[in-house]
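Asker: Sequence:
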Amino acid sequence: MYTKHVFFFFMIIKINIFSDITALIKGNSLPCSPPPTATQLSKTEERGPSYIVMTDLNAKGIILKAFDQFRLKSCINFKPREHEDYYISVKKLEGCWSYIGRSKINGQELSIGQDCDQIATAIVEFFHALGFYHEHSRYDRDNFISIHLENVIEGFQYNFRKVLADVSTIRGTSYDYWSVMHYSNDAFSNGNGLTITTIDPAYQDIIGQRYEVSATDIKELNLYKCSEC
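Just add 465 to wherever you are in the sequence shown, counting from 1, and you've got the numbering used here.
Don't read these hints as lab results, they were simulated from the structure. Mixed in with the good hints there might be a few duds.
[What the hints assert, rightly or not] No more than 25 Å apart at the CA atoms, straight line, and that leaves these computed lysine-lysine pairs for PhoX-like:
no., residue 1, residue 2
1, Lys544, Lys557
2, Lys525, Lys538
3, Lys569, Lys627
4, Lys569, Lys544
5, Lys544, Lys684
6, Lys684, Lys530
7, Lys557, Lys684
8, Lys569, Lys557
9, Lys556, Lys544
10, Lys627, Lys557
11, Lys556, Lys530
12, Lys544, Lys530
13, Lys525, Lys557
14, Lys525, Lys569
15, Lys557, Lys530
16, Lys556, Lys525
17, Lys544, Lys525
18, Lys569, Lys556
Based on the sequences and whatever the hints tell you, model everything.
Answerer: Encoded structure:
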């Protein structure tokens, strides 16, 4: 899966980034602000999601199934756009990517491109749109994992940069090896070895799972307090 996010450099990670950072998501107006506890949330703006618009693309069924996962497991419920200024514009562009958090009015692009038409891939991109960075980019990640940049394909090292505490907050949540937002141990490997190893070897084969959204992922989604909207 290739995901791109633009802020000071290209990057992929877990939770919100607005203000002077241009992240890649498109049109999702988040109705509620999360309480003080979510993983890697932007310190500049924290909102919950509301509406979405989609263009015609082959992966529409996959996208709707991804929405079902959010609806069934959390308080997040994507709805077709009516007249909202903020909405996600899902398109088949190059690669799989989303801006992080709500950043543009009148629609923000989210790409489900070729070879991206899997439910897990769509879920990850909509997590980004909701403001989530990848788990392995938490600013406290060095306590839990080691990154081996010498084993990363040249030009893709940016995918393993940390999001610092001055632009994000982990909101009291524990590091989540089971998160659907965590890279696998050989992500972007150049063939010379693993790119991520866990400090505790018991979790080495757990990171990168795409079977289901983790309990902590769900907890973080529900920090939006949608029921209070």
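Asker: So which hints don't hold here, by number, going up?
Answerer: Hints 7 and 10 not satisfied by this model.
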